[in-house]
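Build out the structure end to end from the sequences listed, making use of the hints.
Here is what each chain is made of, one letter per residue.
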Amino acid sequence: MTNLPLWLIPLFPLIGTIALAAISLASSGSKKGPSEGLTGGLAVLFPALAFVAVVAFAANMPVEGIQQTLCNWMDIGSFRADIGFLFDPLSRIMLLFVTGIGTLIAIYSLGYMHGDRGFARFFAYINLFLFSMIVLVLSDSLLLTFLGWEGVGLCSYLLIGFWNADLNNCKAANKAFIVNRVGDIGFILGMLCLAMVSGDLLNYAGLNAFLKDAANVEVIKLLLPIFSLAGILFFVGCTGKSAQIPLLTWLPDAMAGPTPVSALIHAATMVTSGVYLMARLSNLFVLIPGVMTIVVFVGLLTAFWAAIAGLFQNDIKKVLAYSTISQLGYMFMAAGVAAFDASIFHVFTHAFFKAALFLGAGAVIHSLAGEQDMRRMGGLLKKTPVTACVMIFAFFAIIGFPGFAGFWSKDLILERLYTFGDVGPIYYGIALLTAIITAIYMGRLIILTFFGKFRGGEELEKHVHEAPASMLVPMVVLAVGAVFSGYMWADMLGMTCFRDMLAPVVGSAQEAFRAAEVHVNPMMLACLGTAAAVIGMVIAWIAYGGNKHIPAPRVAYPSDGVQATTWTLFFDYVHAIFILLVNVLAWIVDKCVNQLVMFVQWIIGAIAVLLGDFASGFQVRKVRLQLCLSLVGVVVLTALVFIYGGII
Amino acid sequence: MELQAIYVQILALVLFSIGILTAISRRNMFFVLMGVELALNAVNLSFIGFSKTFAGDLSVAGQIVPLFTIAVAAAEACVGLAMVILIFRNQESVDTDNYSGMKG
Amino acid sequence: MLLHILVLAPFVAALLVALAGGKGVAASKIAIFFSAIFAALSVVLIAGGDLNAAPIDWFKLPGSEASVKYWLASNTLSAWMVFLSTVLTLVALISARSTIKCEYKNFAIGMLVLLGTLNGSFLSMDAVLFFFFFEAMVIPAAVLIASYGGANRKSAAMNFAIYTLVGSAPMCIALWYLVASSGVTTAADLFNYVQTMDPGMQSCIAIAFLIAFLVKTPIFPFHGWQAATYAEAPAALSAILTGAMSKVGVYGILVWVLAIFNLSEKTLAVMLVLGLVTAVYGALMALRGQDVKKILAFSSMGHLGLAVAGIFTFSPKMLPAVLVLLVGHGLSAGALFFLSGTAERMTGSRELSAMGGLTKVAPVFSFLFGAAGVLALAVPGTAGFVGEFLVLMSLWDVGPIPTLVGGFCLILSAGYMLRMIQGVLFGKRETAIVEEARISPLEGSAIGVLLALILVFGFHPAFIYEVRSTVVDTAVEQAAPAAEESAELNDEEVKALIDKMLAEEEAAAEKTDAAEQATAEPAVETAPVAAEPVAATATAEEAK
Amino acid sequence: MLALVYFIILAVIAVGAALCVLLSKHPLYGALSLIVSMLSLAGIYGLLGSPFIGVVQVMVYAGAIMMLLTFVIMVLNSAKDGNTPRFDKVSLFVFPAVIALAGLLGFALVSVPFGFNAEAVRGSVAFTSSTLFNVEEGSRGYFILFEAIGVLLLSAMAAAILMAKRRIGYTASEKEEN
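Protein sequences appear in the order of chains C, P, R and X. First residue of the first sequence: 1, per the working numbering; consecutive thereafter. First residue of the second sequence: 1001, per the working numbering; consecutive thereafter. First residue of the third sequence: 2001, per the working numbering; consecutive thereafter. First residue of the fourth sequence: 3001, per the working numbering; consecutive thereafter.
Hints in this document: simulated from the structure, not taken from any laboratory. Check each hint, because a few of them may be wrong.
[Stated by the list, open to error] Here are some chain R residues the structure puts well away from chain C; computed CB gaps all over 10 angstroms:
#, residue
1, P2062
2, S2147
3, R2345
4, L2352
[What the hints assert, rightly or not] Here are a few chain C residues that face chain X, going by a calculated C-beta distance under 10 angstroms:
#, residue
5, L629
6, V632
7, V635
[As the list claims (entries may be wrong)] Pair ranges (Cβ atoms, derived):
#, chain 1, residue 1, chain 2, residue 2, range
8, C, A59, R, A2036, 30 to 40 angstroms
9, C, A58, R, E2435, 52 to 62 angstroms
10, R, K2266, C, I604, 18 to 28 angstroms
Note that CB positions come from ideal geometry on N, CA and C, so glycine has one too.
What follows is the structure in structure tokens.
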């Protein structure tokens, strides 16, 4: 099996993209649109094939991973980049859940997108996204990773703006792309930094070797400023893609897209690529403790900030969006204390329970005919029991209830924070506080949606129905994942297969960084974590439980744009200032510089015209007078010739 | 009192001046043409007058140039008169001041 | 022979089109047939490597011994530029079939003549011949704008013609002086002669040359003609103007300025800054534009500014970077202009406010437009990305600030391009579109091929620079050994790197010396080929 | 001495006729006086030993060109511009300018000494024509110029015919349409 070429994996979704794009284009003229059976079949087939291929590779992977170079990409003498793929433990885990969840969500979308005019187009984008994501995690060089990196950003743009008749959606999409672009520039510049010092090497094997060499040489200090610069730039790239402070504002707006997209791209896969990149470049980051501190702070701040923001949202998807940001903050905390394996583990479990939550929310929205405001929901437990169960399981997972997936991964992160040097306990305190808030807002979501009375009016109540099977099956599968995926690495139970898997990639870097481990009793930390979850739940029940009166929304459903500015907590204003600055700059350029240039041009033109008029003033418009004047000229010339010729 | 070369040149100069005067100061198209012919003739005379101041072979050159001048003048008159006819048909005037179609 | 065909046959084809009878159908068939042949021949030209036709004496320049020759030769750079001009002309002629209905014949004649002059300027070896074509191309372009453009076409055409002709007037005089005093006309010979000149005189002439090319490209303070011209010109012509004619400016800078003159450090720095300013300026102006074609005009100005900035870094990566960037930009900007023409045809307006919602009513068009817009964003996998990444890399060799500015432009480019896509395609449409103005299958597939080419070159840019011939190659090849050494990772290398950093202060002091060396070195070497001095400068830099 | 007398007589006639051209009202009178002037110039050519040029002058100038001119004047009978003055304000500029020019040139002529070459003044038709039509190697090649002038005359004639005929053809076709 292992002698299969690696490029098969990205090839499948690529074929799917092309086929679906062709179907979409070909059927664009017809009224009815393409057959959903055929389109849907193709749409699910190719991600599934990719998943199968990944499983096949994963089962037979040698310890050191598989590296294959497909062909040369750029070779201009001094700089060379290949298109090559690297299937190592890290990309194996990422690929498994990317393709797996991708396939599940494709199946789910069959039901969710049923009857939409852009059915084929939607799946073409989804396949393109999977292709880009696979390239991102499978590539063996930074440059090719960047291809996937921008590719997923592009697909995110396309899918957020999928219902493009509404310009608000387009604006959200533009925002997502542009904010991501800012991060991407950080990525590019980071690559340039590294390329400068490493002799234009950008593939991971070479880079790691170089970084290890550099670490061993005593004079590492001299290279440190450049490494720090590169690290910061890469981290800017990560904050863009993973919606961390300060580039977090696009993710809540991105909920304008169809819900499966939010589940796949903006919860499970794409937004975690920043964490993936940190793990990939772990050898770089462990060399620069200063930057790592920044990473921890950003992670802590983001997790806390987004959790607070989540408390105030009424849109079910926005709550989940902020919760995603908050969870990503946890992952960056872990990465910041060099617990890369823990952060990847959290990525892994988070993918399951967050996807389950989003799909559940999608099912709720679907059953309520597009209603997203939680204040108009309630009491859905009885009407949609399967959805409710799935969401409640996932809820337990996200708040870290013992036994569920989130418990293992979050607990691990908290432990790693606590054991990190002297400042560890402070980190731990903030993270624990965040965990309590997480439990509160997630509890609020569950209570408002599934308990109490239905508040959406009778008209809507009759409409409520359970989602079709094509949507339920993936949800259930994910819920199972949300419960059991944590047992891949249950430290207390002695199951550490996840850590062992990742050890070849990040182990050495991690050990180098976390030399002085403080030993604590893991049981105590676990109890504290559980306590946080329980306290949060209790607070949520007290605040929102029972049949408390929930204030009805004043407006039926405020548009996305308005909501975004209300509670992204000031970062939208920061962005607005930057946008304003650029606009002012553009205005200055347009109205001042350009006008100046045009004015100068006009002045020169006017002078030319004036001179021309002046000259044509000599033109007497009478041939004879003209000739006469020329005769006078001849006289003068002759006189001059004579005078200077010495004749006179 | 022999015939001096300078006399010929002075005659040529006088004729040339009269030719130029006619060509420029008269407004009738025909006078313009005639003035040009007169000036050309004066130049021919000047050529011949000077050619006679050289010896042998050189003097011939000065006589041959007027020959060509005359031929060119013939061509010029031919075309020029045809143009006069054309313009006259269009404008019904031989006054050069009326020919201002290309006034800038 | 191939060279002669590419330069002269367009004129013959124009004549044949002129002689064709009928109501434009026959003319369009002939024109498209011929331009397809030219496009195919340009591919042959690229594949064929360097060609050099035997020089033919043409005339003697008054006041000099120099005999101007009709002398054509090709290298990779010029071959790719010819490829751009021929391919874009082909698509323009196809696209114009539905845009310009009644007067197609004259349009095709103008386009073919323009093609001939463009090819001539790219392929000529002789400076005077180059200048002849360089000036000649203004005439068909201006005539086409004045006859087929938008509402303000007359003034736009006048503006264009006067601006570019006045811009190249100093070059005319400088070229005459140079050729008259040296008695030679090829770049290599001129280079040898220039070494013996007084530096002040030399820089005067170089600046006169530069201005002509800066106006044509256009670079920041000389761009006054561009936006109005691109906006008013018929879309098919705008595509040629930006895709091929603006490249003459960049090509001229590379081949007729850098290969001849030793520019002072100051001039180089000024040019680098101007390029960057143009990039930012174009992006910002595009951000404020309301007219689709003006947005595109400013956007291509921004990209070309980046290309010029890239050239003046003198990094060893510069030549392939700029080449790929130019080809990618030519294709994508060309495709966007063609599509904007279609959009204008369908909606009857160029204003963003009057468009919108086309994706519902014209899906195929929207697919092409969206794809072209996204491909113009330098998303990885497009030729634009390869070019811009390598240009940023070259800029990085100069310093982080220019790179940051370049990166800022990339962000801005995302801003305006998405704004344009949103304005044209998305939203709701109130008024119906002109049904018969829909994109025709032939037109659509031609543009589709352009887009596919962008992708192909994006994934395999080696197509562009691999066939690199000796002329352009020398620069890279000379730089390559040094770079390859540095690619090998060992302690020594790291040590050397550290030594370098320790000696940075010294190096800063020596920098001026080294720069002088860099400029002095080409004087010693004989320059058999055009890009030699560039190469030498690069090597000197590397050695330093 | 006799030559000088002849010269003075011919010169006075030439200048007088030229003045007539300048001053005459009707172009026909002007043309006739121009012929007189040219004939007297032909006499001066003969006097200076260039009888060949003189003959050509009589035939081509006085004969052909002036006849053509006269003929055209007569055809376009309305060419008499009775209402336009002979001289107007422009002449006020022209006269001083021309006189100044003549004065300058005359001064230059007078200040440079030169005289006739006795042998050249005698001259002969044979010598001139043999030089003109010398087709041997080493000749000055005037015969080529001579042929070229022939072609020029032919083309001028063709041009004149075309210019005159186009109008006629145009009206003819118009008539056909009517």
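Hint-by-hint comparison with the structure:
For P2062/R, the shortest C-beta to C-beta distance to chain C comes to about 22 angstroms, beyond the 10 angstroms cut-off, and the non-interface label holds. At roughly 23 angstroms from the closest C-beta of chain C, the C-beta of S2147/R stays outside 10 angstroms, upholding its exclusion from the interface. Every CB of chain C is more than 10 angstroms from the CB of R2345/R (nearest about 19 angstroms), matching its label as outside the interface. Residue-level check passed: L2352/R sits 12 angstroms from the nearest beta carbon of chain C, beyond 10 angstroms.
Hint status for L629/C: holds, given a least beta-carbon distance of 8 angstroms to chain X, under 10 angstroms. Given the 10 angstroms rule on beta carbons, the hint for V632/C holds: about 5 angstroms separates it from the nearest Cβ of chain X. Below 10 angstroms, beta-carbon pairs count as interface contacts, and V635/C has one with chain X at about 5 angstroms; its hint therefore holds. At roughly 53 angstroms, the beta-carbon separation of A59/C and A2036/R lies outside the given 30 to 40 angstroms, and the hint is violated.
For the pair A58/C and E2435/R, the beta carbons lie near 54 angstroms from each other, so the given range of 52 to 62 angstroms is met. Under the hint 18 to 28 angstroms, the C-beta atoms of K2266/R and I604/C, about 25 angstroms apart, fit the expected range.
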